[in-house]
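If you read the sequences in order, they're chains A and B.
The letter at position 306 of the first sequence is residue 306 when you use full-length UniProt numbering, and the numbering goes up by one with no holes.
The letter at position 40 of the second sequence is residue 40 when you use full-length UniProt numbering, and the numbering goes up by one with no holes.
Mixed in with the good hints, there may be bad ones.
What the hints assert, rightly or not - Restraint-style ranges between C-beta atoms, simulated for each label pair: (1) 39(A) <-> 364(B): 58 to 68 Å; (2) 305(B) <-> 307(A): 28 to 38 Å; (3) 364(B) <-> 360(A): 49 to 59 Å; (4) 27(A) <-> 352(B): 22 to 32 Å.
Hints were generated in silico from the structure; no laboratory data involved.
Since this is a predicted model, take the numbers as computed values, not measurements.
Glycine included, each C-beta is placed from N, C-alpha and C at the ideal position.
Protein chains: 2
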Amino acid sequence: MEGDPTLRLRVFDLNCWAIRYLSKRRQERVRLIGEVLQREGFDLVLLQEVWSEQDYNDLKVKLGGYYPFSHYFRSGVIGSGLCIFSRFPILDTLLYQYSLNGYPYMLQHGDWFCGKSVGLVSVWNSASLLLGSHQLHAEYCREKDAYLPHRLVQAWELAQFIRHTSKAADVVLLGGDLNMHPEDVGIRLLRGWTGLRDAFAEATRFEVSGRGRAGCQGTPRASHQPRCLSQGCEDGCTLVPNNCFTDKSELLPFPLGIRIDYILYKAISSFMVKCEELKTTTGAVPGMDVPFSDHEAVMATLHIQRQGQAAGATLSTAEPMLADVVTEARTEVGVGLRVAQQQRYSSGRMAVLALLLLLLQAAAALGALAGLDAGQPFPKLSFCLLAFLAIGILLLATGLYLFHTMEVKMLQGTEEQMRMVLQALQERP
Amino acid sequence: MEGDPTLRLRVFDLNCWAIRYLSKRRQERVRLIGEVLQREGFDLVLLQEVWSEQDYNDLKVKLGGYYPFSHYFRSGVIGSGLCIFSRFPILDTLLYQYSLNGYPYMLQHGDWFCGKSVGLVSVWNSASLLLGSHQLHAEYCREKDAYLPHRLVQAWELAQFIRHTSKAADVVLLGGDLNMHPEDVGIRLLRGWTGLRDAFAEATRFEVSGRGRAGCQGTPRASHQPRCLSQGCEDGCTLVPNNCFTDKSELLPFPLGIRIDYILYKAISSFMVKCEELKTTTGAVPGMDVPFSDHEAVMATLHIQRQGQAAGATLSTAEPMLADVVTEARTEVGVGLRVAQQQRYSSGRMAVLALLLLLLQAAAALGALAGLDAGQPFPKLSFCLLAFLAIGILLLATGLYLFHTMEVKMLQGTEEQMRMVLQALQERP
Numbered sequence: 001m002e003g004d005p006t007l008r009l010r011v012f013d014l015n016c017w018a019i020r021y022l023s024k025r026r027q028e029r030v031r032l033i034g035e036v037l038q039r040e041g042f043d044l045v046l047l048q049e050v051w052s053e054q055d056y057n058d059l060k061v062k063l064g065g066y067y068p069f070s071h072y073f074r075s076g077v078i079g080s081g082l083c084i085f086s087r088f089p090i091l092d093t094l095l096y097q098y099s100l101n102g103y104p105y106m107l108q109h110g111d112w113f114c115g116k117s118v119g120l121v122s123v124w125n126s127a128s129l130l131l132g133s134h135q136l137h138a139e140y141c142r143e144k145d146a147y148l149p150h151r152l153v154q155a156w157e158l159a160q161f162i163r164h165t166s167k168a169a170d171v172v173l174l175g176g177d178l179n180m181h182p183e184d185v186g187i188r189l190l191r192g193w194t195g196l197r198d199a200f201a202e203a204t205r206f207e208v209s210g211r212g213r214a215g216c217q218g219t220p221r222a223s224h225q226p227r228c229l230s231q232g233c234e235d236g237c238t239l240v241p242n243n244c245f246t247d248k249s250e251l252l253p254f255p256l257g258i259r260i261d262y263i264l265y266k267a268i269s270s271f272m273v274k275c276e277e278l279k280t281t282t283g284a285v286p287g288m289d290v291p292f293s294d295h296e297a298v299m300a301t302l303h304i305q306r307q308g309q310a311a312g313a314t315l316s317t318a319e320p321m322l323a324d325v326v327t328e329a330r331t332e333v334g335v336g337l338r339v340a341q342q343q344r345y346s347s348g349r350m351a352v353l354a355l356l357l358l359l360l361q362a363a364a365a366l367g368a369l370a371g372l373d374a375g376q377p378f379p380k381l382s383f384c385l386l387a388f389l390a391i392g393i394l395l396l397a398t399g400l401y402l403f404h405t406m407e408v409k410m411l412q413g414t415e416e417q418m419r420m421v422l423q424a425l426q427e428r429p
Numbered sequence: 001m002e003g004d005p006t007l008r009l010r011v012f013d014l015n016c017w018a019i020r021y022l023s024k025r026r027q028e029r030v031r032l033i034g035e036v037l038q039r040e041g042f043d044l045v046l047l048q049e050v051w052s053e054q055d056y057n058d059l060k061v062k063l064g065g066y067y068p069f070s071h072y073f074r075s076g077v078i079g080s081g082l083c084i085f086s087r088f089p090i091l092d093t094l095l096y097q098y099s100l101n102g103y104p105y106m107l108q109h110g111d112w113f114c115g116k117s118v119g120l121v122s123v124w125n126s127a128s129l130l131l132g133s134h135q136l137h138a139e140y141c142r143e144k145d146a147y148l149p150h151r152l153v154q155a156w157e158l159a160q161f162i163r164h165t166s167k168a169a170d171v172v173l174l175g176g177d178l179n180m181h182p183e184d185v186g187i188r189l190l191r192g193w194t195g196l197r198d199a200f201a202e203a204t205r206f207e208v209s210g211r212g213r214a215g216c217q218g219t220p221r222a223s224h225q226p227r228c229l230s231q232g233c234e235d236g237c238t239l240v241p242n243n244c245f246t247d248k249s250e251l252l253p254f255p256l257g258i259r260i261d262y263i264l265y266k267a268i269s270s271f272m273v274k275c276e277e278l279k280t281t282t283g284a285v286p287g288m289d290v291p292f293s294d295h296e297a298v299m300a301t302l303h304i305q306r307q308g309q310a311a312g313a314t315l316s317t318a319e320p321m322l323a324d325v326v327t328e329a330r331t332e333v334g335v336g337l338r339v340a341q342q343q344r345y346s347s348g349r350m351a352v353l354a355l356l357l358l359l360l361q362a363a364a365a366l367g368a369l370a371g372l373d374a375g376q377p378f379p380k381l382s383f384c385l386l387a388f389l390a391i392g393i394l395l396l397a398t399g400l401y402l403f404h405t406m407e408v409k410m411l412q413g414t415e416e417q418m419r420m421v422l423q424a425l426q427e428r429p
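Based on the provided sequences and hints, a complete structural model is requested.
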C-alpha cells in the first residue's frame, strides 16, 4: 500500500455444513458455493465445516483461476473443516487446536472428533494481513448449556492466540462460526480482550442479499451499537427459520433467527479499517430450492486505509468493562471446573469399585482352585460375565478419569490466566 | 532500555526429572534446585519436568523473594511439567500443545500422557522479551527411532509457533530439553527456520561449573561452529555418564555424553544479543552425593544491546541450506506418514474382522434361538468368552484406527506446510 493508500477488501465467510454421508444435498451445495465464489470474485474466502478433503480439492480445482492461493487445515479425527481461498499469496500458516472441545463419549454431538481449531494464514497485499478461520464448540441446549465452560476456554484461547500472533500484523481479520450470540459472555470476552470489531455492528450499510432489500440502508451507525438488531429486524442472523435445513424447534424462541457467524477485524499498526458494507444470504439460493448451507453466508466489504498514527485505543478505553467480562467468564469457567472435578471423582470411584470387584473375583477363583469353597460354587458363565463386565467398567472408568483430569487441568489453567489478567487490569492506574 | 542501552541477562535452564513416586530423591533434589536458584540469583529460570504442582508451589514460596513472577503451564493428563520463574513481570502467557506426541498405548514411555508443549511468556524489562520453555518427545532408541516423525512434527510446530508469535518481540529466548543432538535434522530445522542461535555454539566463554575449569576459555569462537564439541571435549553435554541417574548403557556410544538441552536466542528488531558465557553443571552438586537431576543445567549470560539497524540477515543467508534441511525433514515425515497409514489400515482391518466375528456369532445365536441348530450347540461359556473377546478387539481396534487417522492427518498437514515452504524458498530469486 505504498503507492495506493487504500484497499477495498471483499470477504466471504460461510459454515458450509458439508459432512460426508450426513449433510443433505452436500455435493450440490458445494457446487453452488463454488459457482457463487467464482461469479462474485471475493478477495478472501473463509470456509468452515468442509469436512471432506475431496470437497476442498474440487473447490480448489474450480476456483484456481480466480483464487490461486488456498489452504486446508488438517486436524482431529475428521479434520478441522477449515479452509481459506485467497486472491493474495498465502505466506505462512499455523493451526491452533483448542485444548478442550467437548467429550469423546458424546458421540451424538461429535465435536470432540472434529479437532476444532483456529487456522491462521499470513497474507500479503502491500499491507500484512493476518487471517483466521475458526469454529467453536456447538451449543446444543441454550437453557442448560453443558459446553459453556469449554466454549469459554476456546474463546479465551482464541483471544490469546490472536493477541500473540497479531502483534506485527497491519490488519487482523477473523471469520467463522463462533456458536455464540452477540451478547454472550464468550463473544464479549473475545472482542474485549482482543479489541476486534464486529463487522455487522460497524457496517455503514447492511443488506440482505437475494431480496434486494437494504435494511437500515444509508443510516450511519455508531460503533458497538447494533441498532438493527435492537429494532427487531432479522439483519445479520446466520441461522434463520426460512432456511430449509435449520431445526425450526431450536429457533422457536428466536423468530427472526440468531447470529452466530461473524466477521471480526481490527487494525494494529498505522492502518484504519472500516466496514463499508455487510451482506448475508437468506435461505435458498435465488432461483434454486436449496440454500448454500444450514448457515447463512456473511459477506463484508472492508475499506483499509493507511493513516498517520497508530490506532490502539480500543482496549484501554474498554478496560473497566473488560474486567467485568473476564470476571463473568472466570465464574463460568469455575463452575465448569467444579463439574469436571466432580466427574473426575465419580469416574475414579467407579474405577476403584470395579477393581475391588475384580480382586474379589480373583480371590474367589483362587479359593475355588485351592479347593477352599465349602458351599455351592458360582456358575462359570455368570462368573465370567461378571469378570468381563468389571474389566469393561474398569477400562471405561479409567479412560474417563484420565479425560476429566485433562479437562480439570485445562480449566484450572484458563482460570489462572484469567486471574492474572484481572490482577493486571486492577493494578493499572 | 531507553536510558541504559545494554542489559546483562542470566538464564538458567534445567530438565528437573521430578516425577512423583518415580524419580529418585525427588524432594531432596527440588530443594537443592530451589537453594541454588535462590543463591545464584538468575534473571530468568526455565524448568521442565516439574510434573508435581506441589513441587512448583514449594519452589514458588521459596523463590518468591527473588523471583516475584512465575507461571506453571497446565496440560495433558499429567501436565506439561513446564514452569518459568522471572525477576521481571510476566505480562502474558500462551501454551501451545504439540499435535503429535507419541502413542497412548506405549505406556512404558508415557510421553503421550504428558501433553508436551511449548509455554510462552512475554516479559518486559525495557525491551520486550518472548520466552519459551519446551520439551519434545524423548528418543528411546537412536538406531531405530520410531518417534522421529513425531519429534520432527513437534520441531516444525515449535518453529512455526515461534515465527508467528515473535514478530513484534525485541528478543526471543527459548530454553528446554529438545531431545535432539545438535547435528540432528530436527534441531537444524528449528534453527534454520526460526533463525535462532545456539548459546553454546555462540558463547565467547564456556565453563564446566563446579570443576573450576574453563574449556576453551578466552578463545573467541566463530558463529555456528561448536569448536569445543568437534575437539572432543565434553563441553555442553547435558546427559553425561558421571551423573548417577543417567542410564550408562544408553550413553555407551557417547563416552563424553550428549547435548540435548539448549538455550537458543535471537534478536528480532533493532537489538543485538551475544552470549557472553555458558556454563553447565556436571554430575553431583558440589559437596553433595546427588545431582540436581538426570540432566545437567545450562546457564547462559546474555548481553542484549540496542543497535542502530534491525538485524534479520540470518534467515536469508542460510536459505539454500535451509531448503536442504526442510527437504530432509519432509522425507522423514513422509516415512512416518506411510507407517501411520499402514497402522491405520491394519487397525481398520482388525476392527472389520472383529465386527464380522461378532455378526457371525449373533447369527449363530439367533439361529439357536429359532431352533435351527441341527447339530451340537456351542458351549455357552466359550461362546460368551469369544463374544467378549471380539467386542474388546473391536473397541481397541476402532480406538487405534481413530488415533492413527489423527496421526495421518497431522503428518499430512506438516508435509503440506513443508512443501509450501520449499516452494516459496525455491521461487525466491
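- Query: Can you give the numbers of the hints that this structure goes against, from lowest to highest?
  - Reply: Of the numbered hints, just 3 does not hold.
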